[in-house]
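Peer 1: Given the coordinates of chain A, assemble chain B onto it according to the supplied hints.
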Amino acid sequence: MIINNLIFLPLKREILEKKNYLLQSAGLHLLIVMLIYYGLPNLFRYRSDFLPPLPVEIINISDKTTAPKINFKKTPDTSKNKTNYANQENIKYNNQTKVPDTTEVIEETKELVQIKKKKIVKLKELKKKPNQLQSVLKSIEQVKKDFSDKKKKDKEKNETDEKVTPTKLGMNLSISEVDAVRRHFEKCWNIPSGAREVGNLATEIKVRFNKEGNVLDARIANVGRMKRDRYFRTAAESALRAVLNPRCKNAPLPKDKFDKWKNLTLNFDPKSIIGY
Amino acid sequence: MKNIKKIFFSFLIFFVYIVNANAELKIDITSGYTEPTPIGINDFIGFTEEEKDVAKQITKLVIADLNNSGLFKVIDPKAYIQKISSPNVMPKFADWKIINAQALIVGSTILETNGNIRIEFRLWDVFAEQQMAGWAFNTARSNWRQISHRIADKVYERLTGEIGYFDTRIAYIAESGPAKKRIKRLAIMDQDGANHRFLTNGTNLVLTPRFSPSQQELTYLSYIGRIPRVYLLDIETGKQEIVGDFPGMTFAPRFSPFGDQVIMSLASEGNSDIYSYNLKTNIRKQLTTYRGIDTSPSYAPNGKKIAFNSDRGGSPQIYVMNSNGKKIKRISFGKGNYSTPVWSPRGDYIAFTKFFNKTFYIGVMTPDGKGERVISKGFLVEGPTWTPNGRMIAYTKKDYPAKRKEGKTRIFLIDLTGFHEKEIITPLEASDPAWSPLLD
Numbered sequence: 113m114i115i116n117n118l119i120f121l122p123l124k125r126e127i128l129e130k131k132n133y134l135l136q137s138a139g140l141h142l143l144i145v146m147l148i149y150y151g152l153p154n155l156f157r158y159r160s161d162f163l164p165p166l167p168v169e170i171i172n173i174s175d176k177t178t179a180p181k182i183n184f185k186k187t188p189d190t191s192k193n194k195t196n197y198a199n200q201e202n203i204k205y206n207n208q209t210k211v212p213d214t215t216e217v218i219e220e221t222k223e224l225v226q227i228k229k230k231k232i233v234k235l236k237e238l239k240k241k242p243n244q245l246q247s248v249l250k251s252i253e254q255v256k257k258d259f260s261d262k263k264k265k266d267k268e269k270n271e272t273d274e275k276v277t278p279t280k281l282g283m284n285l286s287i288s289e290v291d292a293v294r295r296h297f298e299k300c301w302n303i304p305s306g307a308r309e310v311g312n313l314a315t316e317i318k319v320r321f322n323k324e325g326n327v328l329d330a331r332i333a334n335v336g337r338m339k340r341d342r343y344f345r346t347a348a349e350s351a352l353r354a355v356l357n358p359r360c361k362n363a364p365l366p367k368d369k370f371d372k373w374k375n376l377t378l379n380f381d382p383k384s385i386i387g388y
Numbered sequence: 022m023k024n025i026k027k028i029f030f031s032f033l034i035f036f037v038y039i040v041n042a043n044a045e046l047k048i049d050i051t052s053g054y055t056e057p058t059p060i061g062i063n064d065f066i067g068f069t070e071e072e073k074d075v076a077k078q079i080t081k082l083v084i085a086d087l088n089n090s091g092l093f094k095v096i097d098p099k100a101y102i103q104k105i106s107s108p109n110v111m112p113k114f115a116d117w118k119i120i121n122a123q124a125l126i127v128g129s130t131i132l133e134t135n136g137n138i139r140i141e142f143r144l145w146d147v148f149a150e151q152q153m154a155g156w157a158f159n160t161a162r163s164n165w166r167q168i169s170h171r172i173a174d175k176v177y178e179r180l181t182g183e184i185g186y187f188d189t190r191i192a193y194i195a196e197s198g199p200a201k202k203r204i205k206r207l208a209i210m211d212q213d214g215a216n217h218r219f220l221t222n223g224t225n226l227v228l229t230p231r232f233s234p235s236q237q238e239l240t241y242l243s244y245i246g247r248i249p250r251v252y253l254l255d256i257e258t259g260k261q262e263i264v265g266d267f268p269g270m271t272f273a274p275r276f277s278p279f280g281d282q283v284i285m286s287l288a289s290e291g292n293s294d295i296y297s298y299n300l301k302t303n304i305r306k307q308l309t310t311y312r313g314i315d316t317s318p319s320y321a322p323n324g325k326k327i328a329f330n331s332d333r334g335g336s337p338q339i340y341v342m343n344s345n346g347k348k349i350k351r352i353s354f355g356k357g358n359y360s361t362p363v364w365s366p367r368g369d370y371i372a373f374t375k376f377f378n379k380t381f382y383i384g385v386m387t388p389d390g391k392g393e394r395v396i397s398k399g400f401l402v403e404g405p406t407w408t409p410n411g412r413m414i415a416y417t418k419k420d421y422p423a424k425r426k427e428g429k430t431r432i433f434l435i436d437l438t439g440f441h442e443k444e445i446i447t448p449l450e451a452s453d454p455a456w457s458p459l460l461d
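Order-wise, the sequence lines are chains A and B.
Counting from 113, one number per residue, gives the positions in the first sequence under the numbering used here.
Counting from 22, one number per residue, gives the positions in the second sequence under the numbering used here.
Excised from the complex, chain A in its bound form (with noise of 0.2 Å):
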């Protein structure tokens, strides 16, 4: 009785009065955890290969797949780069040859422009660009002198291989790219075709791939379903053993996007197959 005097009641009547405050604690209490839940795990997968962010203009072009040769002597000011990339963008729709990364040359050109503008390139502007932020410190020649000897090496690079001046514009995978992977995994998968309920079969497999398109790690998304159906296990299982079939190494990844793909979701989709 004394500890229910002395201590419950008073904690009762101290909940009672502060009922709301508790109530918005609770709620922010409840994001947070949900905040640590789903923002942490990402943090560690991606501690392994941590790449510093790039300054990148955005493009949004995931179905690109072209674009043509940039000419740096081309771009005397800011307006006509402009117009350069609305070209980029209408020829590549028509050209569908290879092309390597974009970005790096977007950069490129809108510096050139800078310099031969002879201005001083914001302080602010440069921040945004940590690669960069050594050459706040150098004076406007040292970058141009940078920037020929790029060029030089550029140069020379195309010379011995020309096919690989293209410059790529999206840094999504494209519908071709995307294509490939598919085909790739389908000849690994032995389909669970017979399961009764095979159009609610899809499994989901989170896999993440080294720098060659091997699977580092594959791990089934649902696995709480799998202990409860026999027939999702089957076909998860099937689906993983996809993913791990020796005869699927090397998925056939664009190297230069690897960023994009080295963590994948797989959805392995039986469906289709029995006409559902």
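Hint data in this document are derived by calculation from the structure and do not stem from the laboratory.
None of the values given here were measured: they were computed from a predicted structure.
It cannot be assumed that every hint is accurate.
[Claimed, not checked] Derived lysine-lysine pairs resembling DSBU-like cross-links, with alpha carbons at most 30 Å apart: (1) B:Lys47 x A:Lys339; (2) B:Lys419 x B:Lys443; (3) B:Lys398 x A:Lys383; (4) A:Lys323 x B:Lys118; (5) A:Lys383 x B:Lys326; (6) A:Lys383 x B:Lys356; (7) A:Lys299 x B:Lys443; (8) B:Lys47 x A:Lys383.
[To be verified] Per the computed footprint, the stretches of chain B lying under chain A, defined by three or more beta-carbons under 8 Å from a beta-carbon of chain A, are: (9) 49 to 56; (10) 141 to 149.
[To be verified] Derived list of chain B stretches under chain A, where covered just means 3 residues or more per stretch with a C-beta under 8 Å from a C-beta of chain A: (11) 114 to 124; (12) 180 to 190.
The beta carbon of each residue, even a glycine, is placed where N, CA and C say it ideally should be.
Peer 2: Leaving out everything else, chain B in the frame of chain A:
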């Protein structure tokens, strides 16, 4: 309070952003291949000569069962790189990956002093490099055959998610002699062809055997006294009796899912209707009253519905009705004539025979008539029967006649997807297969 709302929404927006930021690229894979899964079976290990003998027989049977299912292909042991000598050692997965074994079975046989055998085995997932399951059986040595089937069942269950059916039997009609003087005998055997025996001597024509869910009885059509009638046979005692005292021909019998009733057709004066006959109370009940042909009734596994064949729409089609004969609904609407509906033990499909454009087809559709798929076709394919797990269908297949000679009649087994067709080997020509329910 406003502040709280602000904080709440900013958290919400932040949360949504984080979830989206973490969204990974997702690729749908909607196609694959349907070849039998290659698996390795390390010879069951025995230490004494006697144990080795038993182990060898068990290995052989497990391999045969899994191969016959059509879903697995046991890799030729000659190709194995690693010979495992103890079931309790981790296999060298790399060796099994090279030969593309997706699963691996390693087992051992120990003869105990009391005459029993103890069989232990493990099933390994080679690509994932982990044990999928492990079991141990202890039984009288004479049961080695059953135990082998049980081992195959366990592997099949673990790898397909379906219930195994290797410890079951098949009743069928063994056929011999020329077309005009065909001798048809009722026969029964284990699903792998072992323990074959004839149940009738061939003096009377017999057709359409069907197993009772209790397993010890068969119902079938026999022409004893040249009148086709439905009979019941006790498999163990050989005792044969007529089902009900119907005035006229009875045919196309089938048990209810609980084994207490037989449902069949009764024909008189060109009209045939469906009747149920209660084996305990001997009460018969007329379920359909249409003046044309209603036949081939088959219960849903829950006993609440009946699929049957009727020409009430002008041509033979499949209909479904409640088990009391009410709410008749047509479910087949494709081109051609449909017959012999058989409800799957899983309840998700109805198998049927179809005749269209001079060709026979075996197909499946859902009980509401959707998703019709043909899984086999030929000069004559008919009489589908489901394996007890509802995954495969056995049926009669007659080859095309060649050089004025009748085609051979045989039984085939096929996966319900239409893949993995395999012949069930019988001593004579065979038709009208009926699969037994699972043994407990």
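Peer 1: Look at each hint and say if it fits the structure.
Peer 2: Hint check:
For the proposed pair B:Lys47 and A:Lys339, the alpha carbon gap of about 24 Å is at most 30 Å, so the pair holds. Simply put, B:Lys419 and B:Lys443 have alpha-carbon atoms about 14 Å apart, close enough for the 30 Å limit, and the pair holds. With a C-alpha separation of about 24 Å, the suggested pair B:Lys398 and A:Lys383 falls inside the 30 Å cut-off, and the hint holds. Proposed proximity of A:Lys323 and B:Lys118 is supported: the alpha carbons are some 23 Å apart, at most 30 Å.
Distance check on the hinted pair: A:Lys383 and B:Lys326 sit about 27 Å apart at the alpha-carbon level, within 30 Å; holds. As the CA atoms of A:Lys383 and B:Lys356 are separated by approximately 25 Å, the hinted pair is consistent with the 30 Å bound. A distance of roughly 24 Å separates the Cα atoms of A:Lys299 and B:Lys443; the hinted pair therefore holds under the 30 Å criterion. Simply put, B:Lys47 and A:Lys383 have alpha-carbon atoms about 17 Å apart, close enough for the 30 Å limit, and the pair holds.
A stretch counts as covered by a chain when three or more of its residues have a beta carbon under 8 Å from one of that chain; for the region 49 to 56 of chain B and chain A the count is 8, and the coverage holds. Coverage of a stretch by a chain is defined here by at least three residues with a beta carbon nearer than 8 Å to that chain's beta carbons; for the region 141 to 149 of chain B and chain A the count is 3, and the condition holds. With 4 residues having a beta carbon nearer than 8 Å to a beta carbon of chain A, the region 114 to 124 of chain B meets the requirement of three or more and the stated coverage holds. Only residues whose C-beta sits within less than 8 Å of a C-beta in chain A count toward coverage, and the region 180 to 190 of chain B has 4 of them, enough to reach three; the restraint holds.
Checked against the numbered hints above, the structure breaks none of them.
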